[in-house]
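J.: Chains as they are written, first to last, in the working numbering: chain A, 1 to 246; chain B, 1001 to 1246; chain C, 2001 to 2246; chain D, 3001 to 3246; chain E, 4001 to 4246; chain F, 5001 to 5246; chain G, 6001 to 6246; chain H, 7001 to 7246.
In case anyone wonders, no lab produced these hints; they're calculated from the structure.
It is possible that some hints are incorrect.
[Unchecked claim] Among the chain B residues that face chain C by a calculated CB cut under 7 Å, a handful are: (1) Val1098; (2) Val1110; (3) Arg1114; (4) Pro1192; (5) Ser1221; (6) Gly1222; (7) Val1225; (8) Asn1227; (9) Phe1236; (10) Ala1237; (11) Ile1241; (12) Asp1245.
Glycine included, each C-beta is placed from N, C-alpha and C at the ideal position.
For reference, the chains in residue letters:
There are 8 protein chains.
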Amino acid sequence: MESVAKGERPVDAAMRELADLPFRDLGFARVDHHRHLRRGLPEVVLGEGKTAAQIAGIIGELLTGSGGDGGPVLATRVDAAKAAEVERLVPAVRYDAVARCLVAGERPFVDRGRGPVVVVCAGTSDIPVAEEAALTATLFGSRVDRIHDVGVAGLHRLLAVRERLEAATVIVVVAGMEGALPSVISGLVGRPVVAVPTSVGYGASFGGVAALLAMLNACSSGITVVNIDNGFGAGFAAALINRKDD
Amino acid sequence: MESVAKGERPVDAAMRELADLPFRDLGFARVDHHRHLRRGLPEVVLGEGKTAAQIAGIIGELLTGSGGDGGPVLATRVDAAKAAEVERLVPAVRYDAVARCLVAGERPFVDRGRGPVVVVCAGTSDIPVAEEAALTATLFGSRVDRIHDVGVAGLHRLLAVRERLEAATVIVVVAGMEGALPSVISGLVGRPVVAVPTSVGYGASFGGVAALLAMLNACSSGITVVNIDNGFGAGFAAALINRKDD
Amino acid sequence: MESVAKGERPVDAAMRELADLPFRDLGFARVDHHRHLRRGLPEVVLGEGKTAAQIAGIIGELLTGSGGDGGPVLATRVDAAKAAEVERLVPAVRYDAVARCLVAGERPFVDRGRGPVVVVCAGTSDIPVAEEAALTATLFGSRVDRIHDVGVAGLHRLLAVRERLEAATVIVVVAGMEGALPSVISGLVGRPVVAVPTSVGYGASFGGVAALLAMLNACSSGITVVNIDNGFGAGFAAALINRKDD
Amino acid sequence: MESVAKGERPVDAAMRELADLPFRDLGFARVDHHRHLRRGLPEVVLGEGKTAAQIAGIIGELLTGSGGDGGPVLATRVDAAKAAEVERLVPAVRYDAVARCLVAGERPFVDRGRGPVVVVCAGTSDIPVAEEAALTATLFGSRVDRIHDVGVAGLHRLLAVRERLEAATVIVVVAGMEGALPSVISGLVGRPVVAVPTSVGYGASFGGVAALLAMLNACSSGITVVNIDNGFGAGFAAALINRKDD
Amino acid sequence: MESVAKGERPVDAAMRELADLPFRDLGFARVDHHRHLRRGLPEVVLGEGKTAAQIAGIIGELLTGSGGDGGPVLATRVDAAKAAEVERLVPAVRYDAVARCLVAGERPFVDRGRGPVVVVCAGTSDIPVAEEAALTATLFGSRVDRIHDVGVAGLHRLLAVRERLEAATVIVVVAGMEGALPSVISGLVGRPVVAVPTSVGYGASFGGVAALLAMLNACSSGITVVNIDNGFGAGFAAALINRKDD
Amino acid sequence: MESVAKGERPVDAAMRELADLPFRDLGFARVDHHRHLRRGLPEVVLGEGKTAAQIAGIIGELLTGSGGDGGPVLATRVDAAKAAEVERLVPAVRYDAVARCLVAGERPFVDRGRGPVVVVCAGTSDIPVAEEAALTATLFGSRVDRIHDVGVAGLHRLLAVRERLEAATVIVVVAGMEGALPSVISGLVGRPVVAVPTSVGYGASFGGVAALLAMLNACSSGITVVNIDNGFGAGFAAALINRKDD
Amino acid sequence: MESVAKGERPVDAAMRELADLPFRDLGFARVDHHRHLRRGLPEVVLGEGKTAAQIAGIIGELLTGSGGDGGPVLATRVDAAKAAEVERLVPAVRYDAVARCLVAGERPFVDRGRGPVVVVCAGTSDIPVAEEAALTATLFGSRVDRIHDVGVAGLHRLLAVRERLEAATVIVVVAGMEGALPSVISGLVGRPVVAVPTSVGYGASFGGVAALLAMLNACSSGITVVNIDNGFGAGFAAALINRKDD
Amino acid sequence: MESVAKGERPVDAAMRELADLPFRDLGFARVDHHRHLRRGLPEVVLGEGKTAAQIAGIIGELLTGSGGDGGPVLATRVDAAKAAEVERLVPAVRYDAVARCLVAGERPFVDRGRGPVVVVCAGTSDIPVAEEAALTATLFGSRVDRIHDVGVAGLHRLLAVRERLEAATVIVVVAGMEGALPSVISGLVGRPVVAVPTSVGYGASFGGVAALLAMLNACSSGITVVNIDNGFGAGFAAALINRKDD
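Excised from the complex, chain A in its bound form (with noise of 0.2 Å):
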């Protein structure tokens, strides 16, 4: 191995073989068989934006195709209709039809984490992006405690909920509109806070661009933030924050 270092040829040499690893070519997807080893996570699909065959496939694959481990599997994204569609081409899924997710070779619940993920929601309509981030921090691994409808126009009951907000390794918070909300939690409470902006609201909120330049320009420290709607990408990382150490 010594020898590869010295030249650029020889490197192509040995890159050419370390990309010959086990995933196996759906024709619509590589579905890899590895990246579960070596991020030492479950699968997950993002549906949007593909049929419910090719999520049906996937998932299939990954449950029972060669090299395949029998899951968990994850799928974020998908509307009822669809999810109706893959129940019926993959029976072992169950669909949750509040975080638009579809989970298949679900586990026992092991608990990974240092402590609690706290998930705060400000609005009873940013519940789904809400339980979005909730089950996937609980599928990779987070005991997860749960606070919706406690927006900024009203502070006693976001004081209400300060010791549990206290308790937590890391806090995921969900708000549309104006977006304020994680400003004022990480002003209260010394712990990492992962920001979702979502769509709700109308006019000027622009999809969920005002509430993701709030986030973003937040007075407070320790927020960090994820895109728009991004339920999953919050709980994976709270999640990951979360983990205990190897």
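Given the coordinates of chain A, work out where chains B, C, D, E, F, G and H should sit on it, guided by the hints.
T.: Same frame as chain A, but now just chains B, C, D, E, F, G and H:
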């Protein structure tokens, strides 16, 4: 209580107690029976982004739940189909199809204002937003004088209503397209103007952005602005400005 | 006059006559000696985009020109260099370096308001805009109570001034970055809030756009918004809202 | 009348009288029977954002209401379904399905122009907007010469029609995508060009913004621009420019 | 020539010949001695983005180069420093410091228009752009009537000049901030309006975008728009529209 | 011909003749029978924004009209419903449901390229755009090698295909979301990369803008970019780049 | 305390007391001597938008004012000129010219983290932001490992540091231009990534927006994002995530 | 090596070795002595955002450092002041003031291309970007033919150079303002066009965005686009496309 203020932990303790206020958790929304008292004004539910079942549940709780005080309740941005479903679940509601609002537990009008709120709109297509403002201001205790279809392209129509404009304590001006009406009205009469841009228009109106920007840059003074299509916000602010001093 | 209303040409004739109002043409600006009467308020000159000579010329005409009434005059958005030059040309002016405003012909304060206007700002960098608002409201006949540096990241600071906030007839809230302060203040006290986004911030604050959008999308009710950094507009609107009924 | 000009109140009084013009209030729209006289041109109703019943009501009033003069009336941006409903309510209308316009009370064409208006469009998909312009210009008294499908990718097609372009008093150029056609045409012939960007395109055309910006930044001189897809505005402006001097 | 049109290759050949027109290559700019003839109008140089040496070189070539015809030449968007340097290199030029333009080879004014072009501006800060338009229209053969400082916040000023507006063949309206003036003027008088948004304003004026959008969305008809601050383009288009028919 | 170049009028005369080229007017589209010859490539119809009847009419004319040469013809951006209707009207077409394209008059493949065009896509949802590119490149005479689902999150998959990438004359890289794939591929292999951003994503992907901007700002050299979702444009450009020198 | 929770007024009373916390008013800033305790972390002053005198005043108060605890204090976004002036006023500060930060009252480093924070930057121009992050993380108790200049255009450089990346508890990735580095790093190693877009770039990088959008849309999971150029925010969040559990 | 591919850990081990490539760490930049070999092309340094000392350091290392191969090196986007300082530190460099580039270690030109690269620019102000492209293409082994100042407003100038355009292997088209030139050129000649939008323009050109969007939406086929003002990127891509097949 004096000892509370001396250190940090006791503050926390006090805050935890304070937060123990009477609100009831519906699972999807914390219905706040005291907001009414604290703000001196009825409850409002933003209908957009909520299911008919959620709207009905919140209205029901506010009307007849433990601690519910019978109303009034205003639900905004409810389309006709959703309204019909809510009416089926909570028969006591009334639907205003132009303003796209549901009202429940309405009470006899008591004038709490220093004078009339005038609601002006520039074109026929702006009427729904203007009516949302007018309905809101009425429910919050202001007499409303409505003036429709007096755009800047026909100044004589505007001059015809100048006396009514001058009689106002506050004027709500609703306009889409180039959003010039607030500037012209504010230049004519020395009253506070709450400007509401609407999404009426096409092409480079960008869903109301052109009108919003015009209103924010008005060369006349005394104009403040709310979100695009936010008739509720304008009606509420107008009623608050108009309120007789306590 | 009755015959005027019957046809189109006579209307034109009348309008032509009506337009013959006493204003004087300086070449670069029509100085309006009656605007003062018509609006019941002093003259204001937007300094930005005008040369020092132009500002001095307009102020001079308003103070001592034919039909000039001696003031008061307020010139906004005047930087220190330009102010020095105007002071050289029109010695009677006073420069407020924090608010970046020139005042001429100032008169003894007469309280024309129903109560105090409270001007709150979120951070030290927002002070110039807040002072522009405070100076304007004062000149237009409102007592002003100033509260500085009470951002949402430290809620206890805000709670410390709650009583002063509740004493206001109208509250001007000045904030940059994520612009969350108006939401929180409006949720605490039932007063009309005029929100002023500032260009304080960097990166994705986009020169105040983040704060502007947050304020337009505020989930608390009773908030109206003015242009970015428009302290004058907020102070003027607040004074107009606060004005004792005629 | 001379005394009117001396003070503020009399001006007001006069203005109030002047405003007493003959227009009739339909509840949802002030139908103006004199606009026709004052502008010397027919009535136009923007169909978008109005219900079929509203459009029919306004057309009916203009045709046969008290003070109605029988037309002509042009209603723009009316889709086929809405048009069918209006035709049922007001049988006297004619629908132009390509231009998506309703016409009522049409009169024999009288040429009021100094020459022809040429309407050019870049591609097949731009035809509806071009036809809206052509129909409008015709109704407002201009002869129209239509040239379709002569984009900048095939210059020889453009050169083939150069003589017709040079015969125009004013040229309306309709183009989507990169919106380059007005620059090229204006560079070829020394005629005023009214450029209409269309929403034809996808991706980074942003609903016509790319074409709009290109037209505003045209390096050829003599080009002015209207709103995206605003065939009516272009046809109207062209007819106004083309009008024989009174 | 007839044989040329029958196939593709010969077309190419002809085009190659045709292109052999008399223009001269300065290295940095192809100075076109025939554009003048082809468009029937003087030469224009956009000064912005060019060095003083480049501007002087182009002007010199147009005045006295082989094929140069002595002018006139108009160079726009030239700041005072650059103008001084050009004047040093080409003494025959004249600098208009308000319009920020250089003129060379000016000739006695010959009225080529059907009537006057009226140039209106909303505020003192808009004057430079208005003067660029007025100077351009004059050089291109139109009489110009200038009206300054008649914004929408003081309608009586506008009514005072209504007669002059009605005398125009075409009206150029220059306005920044909310850009409402073209709508109001176009609603008053039935003349073609060329609207020029300016970058006057701050905050959410976004360098003239607010005014630009307002003008594109004007509810009055007969308005066409040019680029922000493009006084030249508006003056040129107005002169072209105003030109006596050949 | 030499005399033509000496003055302006003769040029015009010549241009008028030149324009008399053989194209046929269908009313809605000028079908150009010579474009094929002039560019050396088949005809393309942009299906978006055209009705099925228009598409069928154009295809029919190109196949069998006077001067029609039988194809091939490619119609892009045709959805399944429209395709079915076109197939009913012009049975000779073939529909590629993945690429959403219609092909008519297809001919046996002749390799006109210097090597293979490799089309890479980042995710399953990007396949339709990749297939549009691949189909286009094939029809325009390039051999295509397809590589699917090799995003930057799994570099080993990319390394596995490095040899195929290096064999390409030009690489088309199709990616949505963060659009990072072209940078990484261009950094690996020294081939021209044509990058196609797709609208795959949600929230702050803004319909492909995020990917578009990433590709335009790529830190690797040798990348050029086409419009969002413009598989056709990328395939065409790749085939043109790949074409054997004449 | 129990009685407090029963009604609204007592809550107010309690809140008023609670707010009586020990902070001191400097006129321009409320210096908070307890924030330190409440968050368990040093004081931070955003230097941007503050004068040198203001910065010096705040630092002085925090170091030696009544209740001041001697530091440490970190002032960010301070340019060299301002820093020199602050150093003159408060000699005890140290200026980090690369990170553009002032530090005062620095204490011996105590490792409070679970492991190292790795700070990676893509290019030489990103170093100032990376250093701001590294300095912040260090001050807040994390060991930092710096890796510079490992962009996606040269993957082998990245692979060379893979082991150091895998040793991190959390990775801060700083990149401008297309912002692809976080995606690639997150795909390689299963650690939480805090991504910092920088304003490095030109043209369509739009001051860092391209990188920001790319990072928000990253296809790899486990990435969260802070504001453009917000090295402080990323360093703070990283230290908070890395903090040993209490 | 075969055993490497069988599991995950060995892959890591191999990758770690592979990464041990000969690059040298300057502290602020990893200078890569092998990139040259791997890409077969010279080193390029983006001067923008780097200090003169950094640029000089990198150039010096590449010329004479351990592993340095003497060049050539190209540093782009270097203004005159910075260039002078670099020249002082590394006397061997040459500065091209028009293209704003530094070159070091230049070698005799060897034509590696299949034909000439033609670089066309629309206006005098676009020349610096065009020269950056031309210099880059030359350094990377392509003969360059330069055509300046042939905008779409004067088509005859363009026709005059048609033959030179047709002789190109690839055409780089540089244009600001409305960016229409690539469409017109691509419609004339069947060659690959690399389009470079420039920031030349004002107002609604938005720093080159108008031209960028126009180019992305070009209706002619065969156009690909690079970043605004990215002459280097276009020249590099053109040389890569033009390169003789290996």
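J.: Quick check: which numbered hints come out false for this structure?
T.: Going through the list in order, the structure violates hints 1, 2 and respects the others.
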